[in-house]
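Here is what each chain is made of, one letter per residue.
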Amino acid sequence: MTTLTAPPETAPPPSRPRTSNRVSRWKRRIPLLPALVFTIAVTQLPFVATLVISTFQWNILKPGDRHFVGLSNFEFVFTDERLRNAVLNTVVLTASVVLISVVLGLGLAMLLDRRFVGRGLARTMLIAPFLVMPVAAALLWKHAIYNPDYGLLNGTLNAVYRLFGASNGPTIDWVSSYPMPAVVASLVWQWTPFMMLILLAGLQAQPGDVLEAAKVDGASAMATFRHITLPHLRQYIELGVLLGTIYVVQTFDAVYTITQGGPGSQTTNLPYEIYLTMFRKYEYGQAAAAGVVVVLGSIVIATFALRTIASLFREEVSR
Amino acid sequence: MTAHAAVAAPGTRLKKLLRRHDDHAGTPRLSPGWTFVAWLATLAFFAPVAWMVLTSFHQEADAATNPPSLLAPLTYDQYKLLFSRDITPFLLNSAMASVISTLLVLALAVPTAYALSIKPVRKWTDVMFFFLSTKFLPAIAALLPVYLIVKDAGMLDNVWTLIVLYTAMNLPIAVWMMRSFLAEVPKEILEAAEVDGAGLPTVLLRIVAPVAMPGLAATSLICFIFSWNEFMFAVNLTATQASTAPVFLVGFITSEGLFLARLCAAATLVSLPVLIAGFAAQDKLVRGLSLGAVK
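Chains as they are written, first to last, in the UniProt record's numbering: chain V, 1 to 319; chain F, 1 to 295.
Hint data in this document are derived by calculation from the structure and do not stem from the laboratory. Take these hints with a grain of salt, some might be off.
[Stated by the list, open to error] Examples of chain F residues toward chain V, derived with CB under 7 Å:
id, residue
1, T27
2, L30
3, M52
4, L144
5, Q241
6, V270
7, L275
8, V286
[Claimed, not checked] As a list, the in silico BS3-like pairs of lysine-lysine whose alpha-carbon atoms are at most 30 Å apart:
id, chain 1, residue 1, chain 2, residue 2
9, V, K62, F, K151
10, V, K27, F, K151
11, V, K27, F, K119
The beta-carbon is built from N, C-alpha and C at its ideal position, and this holds for glycine as well.
Construct all of the structure, not just a fragment, from the sequences and the given hints.
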């Protein structure tokens with residue numbers, strides 16, 4: 001261990017500097033050891049196991065046939081059409097959900113940053129979609145909103161058509177006709193409040209005097225937004241995008257519930273594909289290899305996320 | 001005069017209520033046009049929730065009409081039916097998994113946060129970022145080894161398995177949140193207490209606790225929300241004994257066919273604890289979701 005100067009308040013007596021120093025350091029460490037050990041045991045060891053399993057040919061339907069195969073599962077993962085399709089779906093799903101909810105969240109945050117009648121109530125109502133249990137939200141969208149016969153969407157269309165004298169509205173089977181947009185829309189609905197909350201916090205942390213000065217100098221609202229608000233919001237937008245990406249990449253509930261990855265594999269994302277490989281095909285080695293790939297992908301995103309959080313964090317600590 | 005005041009009072013109270021969230025009075029007002037847009041957007045986002053709650057109080061026949069019948073008579077029948085179909089064990093499993101895991105998280109996170117803020121270890125930021133990095137690893141990649149270990153240990157379909165997993169899942173969030181709250185304990189007071197020879201229990205009870213209490217409440221609500229809503233581990237690691245509320249919801253559809261009103265009642269019922277917790281923690285929600293990075 002590198003030796004640094006000891007914290008001043010625990011300055012050791014000159015006679016036995018090393019031991020006392022070490023004792024006081026361990027005294028400080030003790031409170032965080034249980035959490036550290038627990039976290040390593042529950043979150044790190046499984047990944048080591050995943051790495052090991054990923055080098056095995058292991059299908060529980062063929063119990064006698066479990067052997068080391070090196071990197072051939074990874075070869076499979078990178079060449080298998082289903083998995084490549086799942087990667088593509090994951091990217092499309094995550095990118096559309098995150099981008100659309102950031103844009104909508106920004107719009108809502110800018111409205112809520114101003115005073116208007118019932119602002120507090122509006123904010124509370126806007127948080128609600130994020131608080132509905134994800135499985136419940138997915139079921140709600142699938143059955144109460146997208147259902148072709150009596151879902152809210154077709155029902156509203158029907159009511160509007162009748163209002164204008166047509167006999168009946170169209171009967172669109174939303175989930176089969178537009179599977180990916182159907183999943184995306186339900187997730188955007190859940191994630192927009194999250195983005196709104198982060199961006200609203202960002203807007204409210206904006207120094208008022210700068211905005212005041214811009215107003216006094218006669219800057220237009222558009223110019224103020226582009227040159228003052230947006231640069232200030234940048235790190236909050238980054239944070240929202242990165243955290244959103246990390247959560248949405250892992251989407252399992254919505255795909256499992258709304259489309260079950262279908263029709264065909266049109267909405268199968270990586271988590272769902274890994275789940276299928278594990279519990280439908282029982283190909284443990286392949287599932288583990290796909291898991292390793294997902295972890296590597298997440299590390300790339302997480303590196304950026306950690307950098308953004310670190311910069312916000314340093315600002316806070318130095319304050 | 002008195003009559004007039006009595007009439008005016010409810011109005012002013014309402015105004016006060018509506019203004020409660022206007023933290024700084026200098027905030028510019030929205031124009032009437034934009035106010036309309038803001039409310040239109042709010043209602044559009046809220047509509048599915050409102051529809052869910054409304055349908056849950058309808059009869060099946062009224063729930064399955066096209067165009068939708070908004071004004072159908074209201075009834076508690078769907079909720080009564082849910083309880084007669086044994087939703088209770090699932091709710092109890094969910095409650096047990098979320099409450100116990102939240103308590104465990106606090107028991108582990110509070111001392112950790114203490115060792116990261118009040119008496120910080122060396123390189124405490126590295127420790128912080130280690131905890132955070134575990135949150136960024138996708139849970140699905142851990143599912144296979146966790147499943148195999150749990151199966152070998154004979155712990156499949158056991159609530160305690162979920163409790164351990166949820167504790168690990170929420171620990172980083174709690175460590176980050178609690179550290180950001182404990183960092184607000186004024187250093188000068190801590191030093192003064194030390195000079196006066198106050199012992200650790202006194203310092204914790206008299207100085208740290210009053211500042212940290214709101215943070216503790218917010219942290220536990222956030223952990224509760226995430227455990228209550230968790231689905232992936234719950235559906236894959238439980239079968240009949242330990243299944244939680246989200247598993248009930250999914251199984252309920254496949255086993256009973258589609259009953260929209262009953263589904264809406266079930267969805268409302270299982271979402272209710274989180275809706276309440278979330279509204280209660282509203283002001284701290286963003287701090288928890290951004291891991292304490294945004295206040």
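Closest C-beta approach of L275/F to chain V relative to 7 Å, hint status: holds, 5 Å
What's the verdict on K27/V and K151/F, does the C-alpha distance respect the 30 Å limit or exceed it? violated, 38 Å
Distance restraint between K62/V and K151/F, which requires alpha-carbon spacing of 30 Å or less: Roughly 18 Å separates the two Cα atoms, so the pair holds.
Against chain V, is L30/F within 7 Å by beta-carbon distance? holds, 4 Å
Against chain V, is V286/F within 7 Å by beta-carbon distance? Holds, because the Cβ-Cβ distance from V286/F to chain V comes to roughly 4 Å (cut-off 7 Å).
Regarding the hint that L144/F lies at the interface with chain V, is the smallest CB-CB distance below 7 Å? Because about 5 Å separates L144/F from the closest Cβ in chain V, which is inside the 7 Å limit, the hint holds.
Per the CB criterion, is V270/F less than 7 Å away from chain V? V270/F check passes; min Cβ-Cβ to chain V is 5 Å, inside 7 Å.
Does K119/F sit within 30 Å of K27/V, going by the straight-line distance between their CA atoms? Roughly 10 Å between the alpha carbons, so the hint for K27/V and K119/F holds.
Return the status of the interface hint for T27/F: holds when the least beta-carbon distance to chain V is below 7 Å, violated otherwise. holds, 5 Å
Under 7 Å, Cβ to Cβ, is where M52/F needs to be relative to chain V, so tell me if that hint holds or is violated. Because about 5 Å separates M52/F from the closest Cβ in chain V, which is inside the 7 Å limit, the hint holds.
Hint status (Cβ of Q241/F to nearest Cβ of chain V, threshold 7 Å): With a closest approach of 19 Å, the Q241/F hint is violated.
When the structure is compared with the earlier hints, violations turn up for hints 5 and 10 and for no others.
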